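Asker: Sequence:
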Amino acid sequence: MPQQEQPEGSATVAGRPNDERYDAQRVESKWFERWQNDPSLYAAEPTSTQKKYYVLEMLPYPSGALHMGHVRNYSIGDALARYMWMNGYNVLHPMGWDSFGLPAENAAIANHTPPRQWTLSNIANMKAQMKRLGFAYDWSREVTTCFPEYYRWNQWFFLKLYEQGLAYRKNSKVNWCPKCATVLANEQVVNGCCWRHEDTIVEQRELEQWFLRITKYADELLRDLDKLGGWPEKVRVMQRNWIGRSEGTLVDFKLDGPVGPAGSKITVFTTRVDTIYGATSVQLAPEHPLVSDLTASNPDLRAKVEQLISEQRKAKERGDIGEIEKHGVFTGRYALNPFTGKNVPIWIANYILMDYGTGAIMSVPAHDERDYEFAKKYNLEIRLVVIPISNDPEETVAEPALPYVGHEGVLINSGPFSGLEYSDAIIKMSAHAENNGFGKPTVTYRLKDWGISRQRYWGTPIPMLYCEKDGIVPVPERDLPVILPEDIEITLAGGSPLGRVTEFVHTTCPKCCGPARRETDTMDTFVDSSWYFYRYTDARNDHAPFDSRIAQYWFPIDQYIGGVEHAILHLIYSRFWTKFMRDMGLITNDEPAERLFTQGMVIKDGAKMSKSLGNVVSPDEMVARYGADAARLYSLFAAPPDRDLDWQDSGIEGIQRFLGRVYRFMVRNAKPNDAGWNAPVPANLSPAARAVQRKLHQTIRRVTDDFQGRWHFNTCVSAIMELVNSLYSAEDAISQNQIPQSLLADVQRKLVLLLAPFAPYLAHELWEMLGESGNLLKAPWPKYDPELAKEEELEIPVQVNGKLRSIVVVPADAGESAIVETAIADEKVTTAVAGKQIVKKIYVPGKLVNLVVK
RNA sequence: GCCGGGAUGGCGAAAUUGGCAGACGCAGCGGACUUAAAAUCCGCAGGGCCCAAAAGGCCUGUGGGGGUUCGAUUCCCCCUCCCGGCACCA
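Residue numbers (this note's numbering): 2 to 855.
For the record, the hints were derived by calculation from the structure and aren't laboratory data. Be careful, since some hints might not be right.
[What the hints assert, rightly or not] Each computed DSS-like pair below joins lysine-lysine, with the alpha-carbon atoms no more than 25 Å apart: (1) LYS804 / LYS784; (2) LYS217 / LYS449; (3) LYS804 / LYS751; (4) LYS378 / LYS305; (5) LYS228 / LYS343; (6) LYS305 / LYS180; (7) LYS317 / LYS449; (8) LYS829 / LYS784.
Please read all numbers here as calculations on a predicted model, not as lab measurements.
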């Protein structure tokens, strides 16, 4: 029987034995054991001549189990940490637990487990999950925020803030979540509801609270956003909006007649003082302090105001204050517009907010949408004072459509200021107000001071005392920490649970030794996470939060990685804390993190994973079914890390197949005892061998470039898959000895190195299989040789009038004229060009030829 | 309303500087191996049309419409939809 002709690379490789199946569980448990026995494996060097690299993933709340979002977050960070180790850096890669918070109390109520016990057992479980997933953390630096060793420094910082006047107590309206039974910071109110209970409307309550003066840093927090080039634009924009800086002018309008306790003038805030000659009324927020004076003798008016207040409150609670129907009441009183010298009516309106600006505005109907609507409704005077500048000097400026809110304009009807261009007018008119003592330029912020008091148990006790004689007294530093008592009864009713622990509450005043009462509120848990990453640098320090010199070595964080949901809360608080610590001389950096990366959410079937939708994928199950490497690799492969990832179970099966494919190739081809295995790779290679070598170097280049630049790990993994595919295509050549052992050794070693940051278990197993005994974690990252990565032949697409007509193969070093000639000579090109004239020949080096014909 | 990010096959996605659209993977189809299946290996595959079939060829295609260019997923203008943030912010 004659030899059957076989197409290349087909039947000869069919039906390979299947006893090379990759048993991920066996291999992973083997390495898991080895890694457990060497806790120093991932330890950062305390001091080092190597360059440092601090890579940090946001610490989790110990809810009980990791979810896929965690796995994704840590897989990104772990790949980066491993890559940096392989590149010779002294890497700090720590992990900890943001372990104070309300869920522990809820669990305590639900199943009578003390919060501490519940929290610690959750930590134990999640830590075991992290270890099983193979994340390379330096556990010797573990930080657990609910331990006194940690929270004593929260208290210490609080005392420092208090000394600086940056922590203060005030009675104020606060956001109250009835479900949490505690106060929330402004940042924790989402659409009028609690950030933890999305259907629970946040109420407003009047309470004495501790505040941190974050507004002292408002301007710097805003300005320094420009320095954060390594942060996503999105996060910077969100913070900018949140800080909400607005430049404007304060102007006093004097009351016309009798004056009550709230004073004799109304101070308004405006960004458009240039329009003040058009201010035909003054509008007060219903909760403005002057309102009670103005309504004192008029119960009827008072009742109407109460109505406005309750409307506003309801709208705020519903979160649709923007939709409220604008209306108001005239007070019967007038105030003096200091620019015009005329009295204007004082109104109270439901669209004026007490918590922005001064709670009072000047109403300029001609130049503001809302004021216009309001003036129309109540027939108030509308006075045009700014007209647009026409582009055509010949054209007489027509009356603009009202309201005219455009910025480019010239003042009219504005006394001595008429004729000024609007921006110039703002400067001159606020100066005029200041010179005459009835106003000044000013800056307001949307950002408010950070209310940190929480009427809850499971948090850092605020180290303050109340003494009948000495008033508010800080706990002396030497008495820290104020220990959170254990074994207490927790309920969600009746204020702070600590208030019912008499041995906690009753103490003595350090000043007068008389009886004193402890503060029973605890701190917002965002205090804990505002500085935890400094503690990692010196986690066991028991006489300071950390050693400044050590922090200086490690800071700023080189790469911080976490979810975008922390773009405002955590990331603005920790920037504030850093600036405060810098000002007290503890650190020298202005910002905590040089680069920030926010990864996308993990979703399934188009929706965020949630128990109610039943689309939750459990990491434990994935690890049990496919192995840790597969779960990690898939979370990097399925989408670029900054985008949402749509989890598909069949997708992770593909990754499992890929890992098996790599394994099987090496089982067949790892022959470290063969002669020639360790020989240098010869320079003269067969075309098949060259192809393998070229693909290897191209792959190294792609993966390395991605680590340095855009972090599209999904394409890194694709590139490695392509390399493996081309190794499979080369198996015929391998069996025919066309590929030297030395090259096979080289390509396999480097393939393992490329895989090491992404799939550490398999990589370690294969490293051993290749006869390597050195520590893979710190094996040098492979370098690519641009010469070896170069193609010898180029496939040049040939277009005619921009349409692809053919592809010609030319030697890589061919010159332009040779390539263009080859292209023109090509049969398909000739057909396409036939009967026409080539008017232009475009050659893009190495890319394509385009012939323009007529 | 303002700001930011998106939209590419049946699906997840790729195209890094304006140069072969759909790499890689999933699902699918065909084949090899097998008594059979699983596993594995090899191959095909955007859509439409021409051709008996194959080989091949032609047209078309990156949310929609216009523009710049020899050439546009990429740059510019307008519009639609989706996600996120802020919002009677004075």
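Asker: With reference to the structure, classify each hint as holding or not holding.
Answerer: Now for the hints, and whether the structure bears them out:
1. LYS804 / LYS784: Violated: LYS804 and LYS784 sit about 39 Å apart, past 25 Å.
2. LYS217 / LYS449: 10 Å, holds
3. LYS804 / LYS751: Given pair LYS804, LYS751 is violated - Cα atoms ~40 Å apart, limit 25 Å.
4. LYS378 / LYS305: 17 Å, holds
5. LYS228 / LYS343: Roughly 48 Å between the alpha carbons, so the hint for LYS228 and LYS343 is violated.
6. LYS305 / LYS180: With Cα atoms ~32 Å apart, LYS305 and LYS180 exceed 25 Å; violated.
7. LYS317 / LYS449: Satisfied, since the Cα-Cα distance of roughly 17 Å is no more than 25 Å.
8. LYS829 / LYS784: Violated: LYS829 and LYS784 sit about 41 Å apart, past 25 Å.
Hint check: violations occur at hints 1, 3, 5, 6, 8; the rest are consistent with the structure.
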